[in-house]
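Line by line, the protein sequences give chains A and B.
So for the first sequence, my numbering puts the first residue at 1; every next one is plus one.
So for the second sequence, my numbering puts the first residue at 1; every next one is plus one.
Rather than coming from a laboratory, the hints here were simulated on the basis of the structure.
Using N, Cα and C, we set each Cβ at its ideal position, and we do this for glycine too.
Hints may be right or wrong, so weigh each one.
Computed cross-link-like contacts, DSS-like style, restricted to lysine-lysine with a CA-CA straight-line distance of at most 30 Å [unchecked claim]: (1) Lys170/A / Lys140/A; (2) Lys67/B / Lys30/B; (3) Lys94/A / Lys164/A; (4) Lys120/B / Lys391/A; (5) Lys265/A / Lys243/A; (6) Lys349/A / Lys140/B; (7) Lys265/A / Lys137/A; (8) Lys217/B / Lys76/B; (9) Lys137/A / Lys202/A; (10) Lys159/B / Lys120/B; (11) Lys239/A / Lys202/A; (12) Lys30/B / Lys76/B; (13) Lys76/B / Lys305/A; (14) Lys391/A / Lys76/B; (15) Lys305/A / Lys159/B; (16) Lys391/A / Lys182/B; (17) Lys137/A / Lys231/A; (18) Lys140/B / Lys30/B; (19) Lys305/A / Lys391/A; (20) Lys159/B / Lys182/B; (21) Lys140/B / Lys391/A.
Far from chain A by the CB rule (all over 12 Å, computed), these chain B residues [as the list claims (entries may be wrong)]: (22) Ala39; (23) Phe89; (24) Ser114; (25) Pro115; (26) Lys124; (27) Leu129; (28) Pro160; (29) Asp166; (30) Thr174; (31) Lys182; (32) Val189; (33) Gly191.
Chain A stretches covered by chain B per the calculated footprint, using a threshold of three residues with CB under 8 Å from any CB of chain B [to be verified]: (34) 5-14; (35) 328-336; (36) 367-381.
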Amino acid sequence: MRASDNLQFSGRALTAYPMRTGLILLAMSIGVASVIILTTLGEGARQYVVGQFQMLGSHLLFVLPGRTETTGGLPPLLGTSPRDLTIDDALALKRSRSVQYVSPNVTGAAPVSYGAREREVMVFGTNNELFDAVELKILKGQFLPEADPRDAVSISVLGETLAKELFGKKHPVGEWIRVGDHRFRVIGVLSSEGQSIGMDMKDVVIIPVASAQSLFNIPSLYRIIVKARSKEALDQAEKDVIKIIRARHDGDDDVTILRQDALLKTFDGILKTLTWAVAGVAAISLIVAGILIMNVMLVSVSQRKAEIGLLKALGAPTRQVMTLFLSEALMLSLAGGLIGLALGLFSAKMVTFWIADFPVQTPMWAIGAALLVTVVTGLVFGSIPARQAAKLNPVIALSGK
Amino acid sequence: MIELQDICRSFVVGDETVHALDHVTLDIAKGEYISIMGASGSGKSTLLNMLGLLDEPNSGSYQFQGKELTTLSEEKRAAFRRENIGFIFQSFHLIPRLTAAGNLELPLMLMGMSPAERRKRSTKVLADLGLSDRAHHLPKQLSGGQQQRVAIARAMILKPPMLLADEPTGNLDTHSGTEVVKILEALNVSGITLVVVTHDVALGRRAHRRIRMLDGKIVQDESSRSNESAT
Numbered sequence: 001m002r003a004s005d006n007l008q009f010s011g012r013a014l015t016a017y018p019m020r021t022g023l024i025l026l027a028m029s030i031g032v033a034s035v036i037i038l039t040t041l042g043e044g045a046r047q048y049v050v051g052q053f054q055m056l057g058s059h060l061l062f063v064l065p066g067r068t069e070t071t072g073g074l075p076p077l078l079g080t081s082p083r084d085l086t087i088d089d090a091l092a093l094k095r096s097r098s099v100q101y102v103s104p105n106v107t108g109a110a111p112v113s114y115g116a117r118e119r120e121v122m123v124f125g126t127n128n129e130l131f132d133a134v135e136l137k138i139l140k141g142q143f144l145p146e147a148d149p150r151d152a153v154s155i156s157v158l159g160e161t162l163a164k165e166l167f168g169k170k171h172p173v174g175e176w177i178r179v180g181d182h183r184f185r186v187i188g189v190l191s192s193e194g195q196s197i198g199m200d201m202k203d204v205v206i207i208p209v210a211s212a213q214s215l216f217n218i219p220s221l222y223r224i225i226v227k228a229r230s231k232e233a234l235d236q237a238e239k240d241v242i243k244i245i246r247a248r249h250d251g252d253d254d255v256t257i258l259r260q261d262a263l264l265k266t267f268d269g270i271l272k273t274l275t276w277a278v279a280g281v282a283a284i285s286l287i288v289a290g291i292l293i294m295n296v297m298l299v300s301v302s303q304r305k306a307e308i309g310l311l312k313a314l315g316a317p318t319r320q321v322m323t324l325f326l327s328e329a330l331m332l333s334l335a336g337g338l339i340g341l342a343l344g345l346f347s348a349k350m351v352t353f354w355i356a357d358f359p360v361q362t363p364m365w366a367i368g369a370a371l372l373v374t375v376v377t378g379l380v381f382g383s384i385p386a387r388q389a390a391k392l393n394p395v396i397a398l399s400g401k
Numbered sequence: 001m002i003e004l005q006d007i008c009r010s011f012v013v014g015d016e017t018v019h020a021l022d023h024v025t026l027d028i029a030k031g032e033y034i035s036i037m038g039a040s041g042s043g044k045s046t047l048l049n050m051l052g053l054l055d056e057p058n059s060g061s062y063q064f065q066g067k068e069l070t071t072l073s074e075e076k077r078a079a080f081r082r083e084n085i086g087f088i089f090q091s092f093h094l095i096p097r098l099t100a101a102g103n104l105e106l107p108l109m110l111m112g113m114s115p116a117e118r119r120k121r122s123t124k125v126l127a128d129l130g131l132s133d134r135a136h137h138l139p140k141q142l143s144g145g146q147q148q149r150v151a152i153a154r155a156m157i158l159k160p161p162m163l164l165a166d167e168p169t170g171n172l173d174t175h176s177g178t179e180v181v182k183i184l185e186a187l188n189v190s191g192i193t194l195v196v197v198t199h200d201v202a203l204g205r206r207a208h209r210r211i212r213m214l215d216g217k218i219v220q221d222e223s224s225r226s227n228e229s230a231t
């Protein structure tokens, strides 16, 4: 039998029952479309997060006090407590040629009030170099000026949301606010376009690091943000930081350094896994569609027993009968797959329409995998009815019992 | 041409074993016109299926032109059916979604003939049957007689040497039935071996050799032309 005849014969068998065929196509296409849509959204989320990280510039190092990794040697039975990071440590890091900006950080929560309005917000003690290190933008006034970070000056920069909530329509620059027990003069307001570094920069008070230390009554730093001169200088900067801190801390490696590119990789990995997971969930619907195909093909085989008997009487070998029914199942699943693909890609485009800045990129592997799964589904679930058709006893089949 | 030797075929129905064919021995010569008659359940249809290689015997031997057929594989049996046997059924067994021409061309399609060649052959056969104007009609648009004529044409399109008909007139009125019988007899005259299973006594009597079955055994085998008879 010719392939073209085979297709025509099977195709006509499908179009003879438009309702049944239509329902199967619907089930199959919903399955494929959901795989496409969910992977597109997952991939979009991944690209969005990666993009956000990359906008920060990926040559940041976060220096944290203490070391959580175990590097062998004696277990810390004696409980040697790590040395705190100090402002002097931060200043010393400036000696490395690979380091461009160094920003010592102290954070804590404190009530911030202006007049009768009071709010509990994050207080962020830092220096002027944070501005360039994480590429903040200023809305009104100015950021912390260049100064010795050891000087506790009573000036502050507000996040945009906080400024609105404390001052309403009033111009905040030049006003005095109260943070905890201290008074600070507002010198600027951050733009909400500024990037975050693990905290919400819209709802924050930024004050000089030494002021924060006295506010919270702590001598040490929460962390130091270091920006390398370039991506290439990142490795050297990391080495220099370790060397300088070790020299200052009597030869102990008692800091942990987080690299932004490592964080990025972690997020990338998590979101990729998530995309795979949702694709897997969607694939279940494909299996359901496959079972539907099997069901309908089984009904079809039992309804067309006489036809199968006839084909056998006319001399069609077992294999040919099987091929005919298998190609019916394959045509069903493939047609459903293609309709689902069109449906999925269209819906993905609709997402771009509703959420403008969400990156929508249907991954090629998802398209390939969805189509592959439909073909496999057709073959696997079609082969059982096809084999049943081929195995029919022609005498019984012809009698239609 | 055909030698059946001690063919047995039994079915298990419930917890009872039914001997549909009980040591049947039968010789059929080329060009014979045979009718097989008998009550329901006498085994006549089973005998026909056996001759057509649709069924397999439990024991016995079936030789066709000296070749043993009972040992063939399913693939070879299919090929044998295609080349040597045409089937006619009581309910025609036309595929409802295919046109008259499509049904007629089915055996040609199954063997892989090109569409152009198929069309040429079916056009000619339909013209011979006087059904040219019905070529593109679906079976449900044809009368019973026309459907059976298409079915006969389908059985004969590959020119098999033997035609097996199971109640060919069972679903037809007298007029159409007579017409169909005439066509079958004309084919027999042209040299084709014709075996008809029927309840219809009138139709049965027309055959040159008449076999009567009872309980899976051949109980009567008479010929009006010659003295040959099965043992």
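Outcome of the hint check:
{"no.": "1", "hint": "Lys170/A / Lys140/A", "result": "holds, 12 Å"}
{"no.": "2", "hint": "Lys67/B / Lys30/B", "result": "holds, 15 Å"}
{"no.": "3", "hint": "Lys94/A / Lys164/A", "result": "violated, 36 Å"}
{"no.": "4", "hint": "Lys120/B / Lys391/A", "result": "violated, 34 Å"}
{"no.": "5", "hint": "Lys265/A / Lys243/A", "result": "holds, 25 Å"}
{"no.": "6", "hint": "Lys349/A / Lys140/B", "result": "violated, 48 Å"}
{"no.": "7", "hint": "Lys265/A / Lys137/A", "result": "holds, 26 Å"}
{"no.": "8", "hint": "Lys217/B / Lys76/B", "result": "holds, 29 Å"}
{"no.": "9", "hint": "Lys137/A / Lys202/A", "result": "holds, 11 Å"}
{"no.": "10", "hint": "Lys159/B / Lys120/B", "result": "holds, 16 Å"}
{"no.": "11", "hint": "Lys239/A / Lys202/A", "result": "violated, 34 Å"}
{"no.": "12", "hint": "Lys30/B / Lys76/B", "result": "holds, 22 Å"}
{"no.": "13", "hint": "Lys76/B / Lys305/A", "result": "holds, 22 Å"}
{"no.": "14", "hint": "Lys391/A / Lys76/B", "result": "holds, 15 Å"}
{"no.": "15", "hint": "Lys305/A / Lys159/B", "result": "holds, 26 Å"}
{"no.": "16", "hint": "Lys391/A / Lys182/B", "result": "violated, 37 Å"}
{"no.": "17", "hint": "Lys137/A / Lys231/A", "result": "holds, 22 Å"}
{"no.": "18", "hint": "Lys140/B / Lys30/B", "result": "violated, 36 Å"}
{"no.": "19", "hint": "Lys305/A / Lys391/A", "result": "holds, 11 Å"}
{"no.": "20", "hint": "Lys159/B / Lys182/B", "result": "holds, 18 Å"}
{"no.": "21", "hint": "Lys140/B / Lys391/A", "result": "holds, 29 Å"}
{"no.": "22", "hint": "Ala39", "result": "holds, 17 Å"}
{"no.": "23", "hint": "Phe89", "result": "violated, 7 Å"}
{"no.": "24", "hint": "Ser114", "result": "violated, 8 Å"}
{"no.": "25", "hint": "Pro115", "result": "violated, 7 Å"}
{"no.": "26", "hint": "Lys124", "result": "holds, 19 Å"}
{"no.": "27", "hint": "Leu129", "result": "holds, 18 Å"}
{"no.": "28", "hint": "Pro160", "result": "violated, 10 Å"}
{"no.": "29", "hint": "Asp166", "result": "violated, 9 Å"}
{"no.": "30", "hint": "Thr174", "result": "holds, 25 Å"}
{"no.": "31", "hint": "Lys182", "result": "holds, 24 Å"}
{"no.": "32", "hint": "Val189", "result": "holds, 25 Å"}
{"no.": "33", "hint": "Gly191", "result": "holds, 21 Å"}
{"no.": "34", "hint": "5-14", "result": "holds (count 4)"}
{"no.": "35", "hint": "328-336", "result": "violated (count 0)"}
{"no.": "36", "hint": "367-381", "result": "violated (count 0)"}
Comparing the model with each earlier hint shows violations of hints 3, 4, 6, 11, 16, 18, 23, 24, 25, 28, 29, 35 and 36; every other hint is respected.
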